[in-house]
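*Asks:* Each protein sequence line maps, in turn, to chains H and B.
Read in order, the letters of the first sequence correspond to residues 1 to 84 in my numbering.
Read in order, the letters of the second sequence correspond to residues 1 to 216 in my numbering.
These are computed hints drawn from the structure, not numbers from a lab.
Be aware that a few hints might be false.
Said to hold, decoys possible - Derived DSSO-like pairs: lysine-lysine, alpha-carbon spacing no greater than 30 Å straight-line:
{"hint": "1", "chain 1": "H", "residue 1": "K40", "chain 2": "H", "residue 2": "K58"}
{"hint": "2", "chain 1": "H", "residue 1": "K40", "chain 2": "B", "residue 2": "K182"}
{"hint": "3", "chain 1": "H", "residue 1": "K39", "chain 2": "B", "residue 2": "K38"}
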Amino acid sequence: MRLLILFLPLLAYSLPAEAGMLTGIDERQAYLEAPLQNKKDYHACLARELAMIASLEKGQHDTEVARRFMDMAEQHAGKAGGRP
Amino acid sequence: MKRLAFIPILMLSACAATPFDIKRDELAGARQAIQAAKAAGAERCAPKLLAEAEAALYHAAHELDETGQHPDETASLIAAAASKGMQARQIAIRHCQPKARKKPEIISLSGVRFATNSAELTVDSLAVLDKAVETLKKRADIRVEVAAHTDSRGNDAYNLALSKRRAASVYRYLVEHGIDAKRLNAHGYGESRPVADNGTADGRARNRRVELRILE
């Protein structure tokens, strides 16, 4: 029980906001890009660029860095009116 | 068991770390280029280029974190961030800045006078207006506004009405001397647009004036 309580906040924190159970970089990228398709504003463009870098880093097996870039991409997607 | 309690805390603190250090000295040039682009309005006028520059900056910051692992890639990212930032700034300066309003060209009718408190042109004024007619015939492509102004003596309403009558008087003269009425309109501004100090006789004389403002 104690262990469960200790790990509960970690579990909650590690899930991407409003992304359900999407945890893979590729899944998150696809989820992020769909609503941004016709958006050309600065935050939408930056979200796409950062997601692209995340994918690149994931390809180089640097998953932690990929996750950080994807987090940033999701923040800008949120500002662009897409999915945060 | 107590040791286990530290595991999530440690993991959480790792998650909360700031993403990338873009304040490094190596990135100063690129950072400044991006800041200058933003200041020029590139977020609105060159969003894609600015986003590419900023993403390259973050990517370069990450590569610099991996000390010396990909020096060529890092240098190329820094150069791309700076170059795209500068391009975004140029585009913003060219297309984003509010255009300075062109000052309307004015043909001064200095010498046009009226009898006191009247819209009747003095005889001396006619020569000046004849020259204006010649000018308007030569420049047949322009439309003008006949703009009449008064000094500030008397009340506003009276001055406005007087200036309207004076503008109409000049308008009539120009039309009677062959200028197409479609090229003209008349406007009285009263005392609202002084060009000199109304506190002196000389200033008031300069403020009492009629001009032709070129409309197009």
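*Asks:* If a hint holds in the structure, say so; if it does not, say that too.
*Replies:* Cross-check of the supplied hints:
Restraint check: the Cα-Cα separation between K40 of chain H and K58 of chain H comes to about 25 Å, which is no more than 30 Å; the hinted pair holds. Straight-line distance between C-alpha atoms of K40 of chain H and K182 of chain B comes to about 46 Å, which puts the hinted pair past the 30 Å bound. Distance hint between K39 of chain H and K38 of chain B is fulfilled; the C-alpha atoms sit about 19 Å from each other, no more than 30 Å.
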